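Engineer: So the chains spell out like this:
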Amino acid sequence: MKLLILLVIVVGVIAVAQLAKIYQLSARLRGHREEEISEADTKLQGSLWIVFMFVFFGMTIWQFVRYGDYLPPSASLHGKSVDTLMNYNLALIIFVFFVVNTLLFVFAYKYRYNKNRKAKFFPHDTRLELIWTVIPSIVLAVIIIYGLQTWTVMTGPASADAIRIELYSKQFDWTARYSGDNDEFGATDFNLITSSNPLGIVTQEGIDAALVKIDGKISKLNNELKSEKGHLLAEKKELESALHGGEHSHGDHDNHEISAEKKAHLTNRLQLIDDVLESGKTTILSEAAYEAKSDKVYRLERHRQRILELSSYELGRGIDPWSVGKDDKIVKGEFHIPLGREIEFVFRSRDVIHSALMPHFRAQMNTVPGLPTRFKVTPVITTDSMRTILDDPNFNYILLCNKICGSAHFNMKMDIVVDTEAEYDEWLNNQKVYISEKN
Amino acid sequence: MEGHSHHKESFVSKYIFTHDHKMISKQFLITAIVMGVTGVTMSVLFRLQLGWPGESFVILETFLGKWAPGGVLDRNAYLALVTIHGTIMVFFVLTAGLSGTFSNLLIPLQIGARDMASGFLNMLSYWFFAISCVIMIFSLFVEGGAASAGWTVYPPLSALPQAMPGSGMGMTLWLLSMTLFVVSSLLGSLNYIVTIINLRTKGLSMTRLPLTIWAFLITAIVGVLSFPVLVSAVVLLMMDRMMGTAFFLSDIFIGGEALDATGGSPILYQHLFWFLGHPEVYIVLLPALGISSEVISTNSRKPIFGYKAMIGSMMAIGFLSFIVWAHHMFVTGMNPFLGSVFVFTTLLIAIPSAVKAFNYITTLWKGNIRFTPAMLFSIALVSTFLTGGLTGIILADSALDVTVHDTYFVVGHFHIVMGLSAIFGMFSGVYHWFSKMFGRMMNTKMGYAHFWITLVCGYGVFFPMHFVGLAGAPRRYYDSSHFDFLDKVMDLQPIISTFAIIGSLAQLIFLFNFFYSIFRGQKAVQNPWKANTLEWTTPVEHIHGNWPGALPEVHRWAYDYSNPAHDEDFVLQTTPLKDGEVAH
Numbered sequence: 001m002k003l004l005i006l007l008v009i010v011v012g013v014i015a016v017a018q019l020a021k022i023y024q025l026s027a028r029l030r031g032h033r034e035e036e037i038s039e040a041d042t043k044l045q046g047s048l049w050i051v052f053m054f055v056f057f058g059m060t061i062w063q064f065v066r067y068g069d070y071l072p073p074s075a076s077l078h079g080k081s082v083d084t085l086m087n088y089n090l091a092l093i094i095f096v097f098f099v100v101n102t103l104l105f106v107f108a109y110k111y112r113y114n115k116n117r118k119a120k121f122f123p124h125d126t127r128l129e130l131i132w133t134v135i136p137s138i139v140l141a142v143i144i145i146y147g148l149q150t151w152t153v154m155t156g157p158a159s160a161d162a163i164r165i166e167l168y169s170k171q172f173d174w175t176a177r178y179s180g181d182n183d184e185f186g187a188t189d190f191n192l193i194t195s196s197n198p199l200g201i202v203t204q205e206g207i208d209a210a211l212v213k214i215d216g217k218i219s220k221l222n223n224e225l226k227s228e229k230g231h232l233l234a235e236k237k238e239l240e241s242a243l244h245g246g247e248h249s250h251g252d253h254d255n256h257e258i259s260a261e262k263k264a265h266l267t268n269r270l271q272l273i274d275d276v277l278e279s280g281k282t283t284i285l286s287e288a289a290y291e292a293k294s295d296k297v298y299r300l301e302r303h304r305q306r307i308l309e310l311s312s313y314e315l316g317r318g319i320d321p322w323s324v325g326k327d328d329k330i331v332k333g334e335f336h337i338p339l340g341r342e343i344e345f346v347f348r349s350r351d352v353i354h355s356a357l358m359p360h361f362r363a364q365m366n367t368v369p370g371l372p373t374r375f376k377v378t379p380v381i382t383t384d385s386m387r388t389i390l391d392d393p394n395f396n397y398i399l400l401c402n403k404i405c406g407s408a409h410f411n412m413k414m415d416i417v418v419d420t421e422a423e424y425d426e427w428l429n430n431q432k433v434y435i436s437e438k439n
Numbered sequence: 001m002e003g004h005s006h007h008k009e010s011f012v013s014k015y016i017f018t019h020d021h022k023m024i025s026k027q028f029l030i031t032a033i034v035m036g037v038t039g040v041t042m043s044v045l046f047r048l049q050l051g052w053p054g055e056s057f058v059i060l061e062t063f064l065g066k067w068a069p070g071g072v073l074d075r076n077a078y079l080a081l082v083t084i085h086g087t088i089m090v091f092f093v094l095t096a097g098l099s100g101t102f103s104n105l106l107i108p109l110q111i112g113a114r115d116m117a118s119g120f121l122n123m124l125s126y127w128f129f130a131i132s133c134v135i136m137i138f139s140l141f142v143e144g145g146a147a148s149a150g151w152t153v154y155p156p157l158s159a160l161p162q163a164m165p166g167s168g169m170g171m172t173l174w175l176l177s178m179t180l181f182v183v184s185s186l187l188g189s190l191n192y193i194v195t196i197i198n199l200r201t202k203g204l205s206m207t208r209l210p211l212t213i214w215a216f217l218i219t220a221i222v223g224v225l226s227f228p229v230l231v232s233a234v235v236l237l238m239m240d241r242m243m244g245t246a247f248f249l250s251d252i253f254i255g256g257e258a259l260d261a262t263g264g265s266p267i268l269y270q271h272l273f274w275f276l277g278h279p280e281v282y283i284v285l286l287p288a289l290g291i292s293s294e295v296i297s298t299n300s301r302k303p304i305f306g307y308k309a310m311i312g313s314m315m316a317i318g319f320l321s322f323i324v325w326a327h328h329m330f331v332t333g334m335n336p337f338l339g340s341v342f343v344f345t346t347l348l349i350a351i352p353s354a355v356k357a358f359n360y361i362t363t364l365w366k367g368n369i370r371f372t373p374a375m376l377f378s379i380a381l382v383s384t385f386l387t388g389g390l391t392g393i394i395l396a397d398s399a400l401d402v403t404v405h406d407t408y409f410v411v412g413h414f415h416i417v418m419g420l421s422a423i424f425g426m427f428s429g430v431y432h433w434f435s436k437m438f439g440r441m442m443n444t445k446m447g448y449a450h451f452w453i454t455l456v457c458g459y460g461v462f463f464p465m466h467f468v469g470l471a472g473a474p475r476r477y478y479d480s481s482h483f484d485f486l487d488k489v490m491d492l493q494p495i496i497s498t499f500a501i502i503g504s505l506a507q508l509i510f511l512f513n514f515f516y517s518i519f520r521g522q523k524a525v526q527n528p529w530k531a532n533t534l535e536w537t538t539p540v541e542h543i544h545g546n547w548p549g550a551l552p553e554v555h556r557w558a559y560d561y562s563n564p565a566h567d568e569d570f571v572l573q574t575t576p577l578k579d580g581e582v583a584h
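Just so you know, the protein sequences line up as chains A and B, in that order. Once you know that position 198 of the first sequence is 198 in my numbering, the rest is easy, because the numbers rise by one and skip nothing. Once you know that position 323 of the second sequence is 323 in my numbering, the rest is easy, because the numbers rise by one and skip nothing.
Take these hints with a grain of salt, some might be off.
Estimated spans, in silico, between C-beta atoms of each pair [claimed, not checked]:
no., chain 1, residue 1, chain 2, residue 2, range
1, A, N394, B, G54, 34 to 40 Å
2, A, G340, B, G65, 53 to 59 Å
3, A, V16, B, S10, 28 to 34 Å
Under the rule of at most 20 Å between Cα atoms (straight-line distance), these lysine to aspartate or glutamate pairs were calculated in the EDC-like manner [claimed, not checked]:
no., chain 1, residue 1, chain 2, residue 2
4, A, K120, B, E568
5, B, K488, A, E35
6, B, K436, A, E35
7, A, K118, B, E553
8, B, K308, A, D69
Over the 10 Å line for every Cβ pair with chain A, so calculated as not near, a few chain B residues [unchecked claim]:
no., residue
9, E9
10, P161
11, L348
12, L376
13, V402
14, K445
15, V456
16, A550
17, L577
Hints in this document: simulated from the structure, not taken from any laboratory. Every value quoted in this text rests on a predicted model; they were computed, and no experiment measured them. All residues carry an ideal CB built from backbone N, CA and C; glycine is no exception.
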């Protein structure tokens, strides 16, 4: 390693020395001044613009040929119009790109310096300026109108018979939820999230489970805090001085005297502390850890309070508000959607902002904690058909996270399967109902 | 200021706590170069991982130690590098470095003033900038590493230390550094505005100003109006982090715990951030466009075409930049109708931008073009401004943005339109005004080599990214090689990285040329480029107060190149009008 660093330094020094030499040589050349560009240089630099233009355009065309079919045909209905829009826009910008860059590079070459010529004094021309204000305006008006038409259709409200599927994001995976037989999602609350209720669905069982869990945590922490050796010893010392304080004082103050009742109380406490200390079941915490743990207890108690408040709310809109979520179905790993049906995805997030990107469906929407978002998609090609089209038996549609969300951001994905409606129904029937999974 | 003082200045008052705008401009430039080298080096380090994911590079371990165990970049370190690279390049190099260097150097010199309106504020502006640089660099070395939530630091990711290691102390320092940075920027901008409005020399009306000054003025106004909004976002975020408020947080369950925060909105932060963030693009770009206007006109030996249209389009860009911010937020769940409004305003910006591009090209038309390195960079700037601007049309169209939002397409777009364009403008300015800063010339041949390698590598890095993005590859991914659907474009990644490495190494030519020329460069003459503007009437050696005698008087606009009424192909602004000559 050290050798390598040494090598780099040596090479660096040699390079700098060589550069200095080149520098001196080129500066001394025919006693020329830096600001005077020789005819040879002018010619070379002018030609280099043309060479650059051909290389640049050549590479651009090569990339379009090689990577132009960047994505397979759109697997969603709105995606087809997005692709058409994209193609028109790309065609336009590629055209302008070639024309204007050509003008720039060719002018640079053509009007290179010639000491016998004087440049044309041409400070402005209202007609020309009007032309290149008005033409872009018209073109842009067309782009805007066409673009917004597509946008309005794709972001419009979902139809009444759309299937609603919830996509739930957290660091670093996705969960899908289907509404079950009653066609309605159960209410959710982030306070109720536990390992057995990862989406925080509100049911009486969920509330009870969350309370049990949180009570467990609080009492565990409290036990730890209560048996902290340092604090016990400190309290013991305090108690002892309180109990014996009266005897040691020289009588100039009478506030050390304590009632018999209080004395008994203190003695009891002292006894308790001694028992704990003798039993050896003490914990040892740093002051910072002690603080952090008591703080955590405080936070958990507030959390507990919020859960209790929650159970007093009227949550539903009809039938039994607590049972709406019981038939919801929760799916991980991959989720299925039926061909030709409009799907309205509802997005929620547990912790930070994520973004649901489904490149094959030309769909993307952020998932924001505290703010449900939506995006509708109508799949038009089943996974099987797409596998045939692409001649790739392993192909799968994919859902990615596209908003930086932490260290495993790049690995937060879920497969999407587009079934025929019959296959989809069968698949959905086989999925477990949320509440039964818990029991 | 008459008869500037003759007492010998101490080292400290001359080089460190100086009030002299020329020295402050050099301080900004050198600091920006140091930060630029840091930022570019970071990009090479993470490009190694992106080009050859999972492969071991000794150099990574050498540089990063435990951040790259076994020579493979750690995934958290990757995010930290991406974040700090973005922050450094956008703010420290292209905002403070570009505006700070050239506004400071050129405003007094080109308007005929002895110095800035307030030399003291100017000094403070630099030192706030320097402190914020130090804090930002220092944040790399704290526990948990530097801020890692991307340069936009969206909460809740940036608000919660438990969300990622970089959201601990590193994020606190990031926010602190940015606050100081904004103070620096505001002090500088206010000074620029006041100086330009009040201290123009006799005869220099607003319509005779060089376009550089117009660009700096509009940039400063945009900065003064937008940077405070960033501070508000930063302060509210700090409060969410430290004081238990919930401006940007709601309904969060993280680290096995349901947080107290309810009622806040993470999207509110994005609105505040982009209210600065989008104007920021033009804060970066406008000075570069101002510089290139001056350089292209001077070296085409032609007046800039459509001087008033250039001013008008810069004003239009400055104004529109305030009402387009939400085009960064089409997929946040924002009301689609609101999105439509922002599509409209965003695409409007293409009109003044098109006017500018065409005006540059018409300036070249029938010109007599001298290929100085500065001129080459300015011509390249027009190309990158155009190429990058065009892909912006795709991104501004909300329906299309849905498919390419936050993919490599965006990375390619903004690196070309704002990264390359602005850095080309900066290089152009350095080559052009080096003699004004250091009294010596830079080596032209090395300038050529530097330019061509930089241009080819610049496009080589960022052009292919559009295809990677169109294929759906998300940006900020530590590794995209495990997605079958991206296989087709993944062979572009090593190509991009190779260009990035060569392009970065080419900057060593510039660094050598720059620092060597400061000491050993050819002694400059007073007006090497035969330009019209006032800075070329000052002596080569720097003096306090810029002009030894009385301030110059201006009789004409800045662009009388190849004026048929004159024999020479340039006419200094101080030359009185001839009999019968009509002022422009």
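Engineer: Run every hint past the structure and note whether it holds.
Structural biologist: Status of the hints after comparison with the structure:
no.: 1; hint: A:N394 <-> B:G54: 34 to 40 Å; result: violated (22 Å)
no.: 2; hint: A:G340 <-> B:G65: 53 to 59 Å; result: holds (56 Å)
no.: 3; hint: A:V16 <-> B:S10: 28 to 34 Å; result: holds (32 Å)
no.: 4; hint: A:K120 <-> B:E568; result: holds (13 Å)
no.: 5; hint: B:K488 <-> A:E35; result: violated (48 Å)
no.: 6; hint: B:K436 <-> A:E35; result: holds (13 Å)
no.: 7; hint: A:K118 <-> B:E553; result: violated (27 Å)
no.: 8; hint: B:K308 <-> A:D69; result: violated (44 Å)
no.: 9; hint: E9; result: holds (30 Å)
no.: 10; hint: P161; result: holds (12 Å)
no.: 11; hint: L348; result: violated (7 Å)
no.: 12; hint: L376; result: violated (7 Å)
no.: 13; hint: V402; result: violated (5 Å)
no.: 14; hint: K445; result: violated (4 Å)
no.: 15; hint: V456; result: violated (7 Å)
no.: 16; hint: A550; result: holds (28 Å)
no.: 17; hint: L577; result: holds (15 Å)
Checked against the numbered hints above, the structure breaks hints 1, 5, 7, 8, 11, 12, 13, 14, 15 and satisfies the rest.
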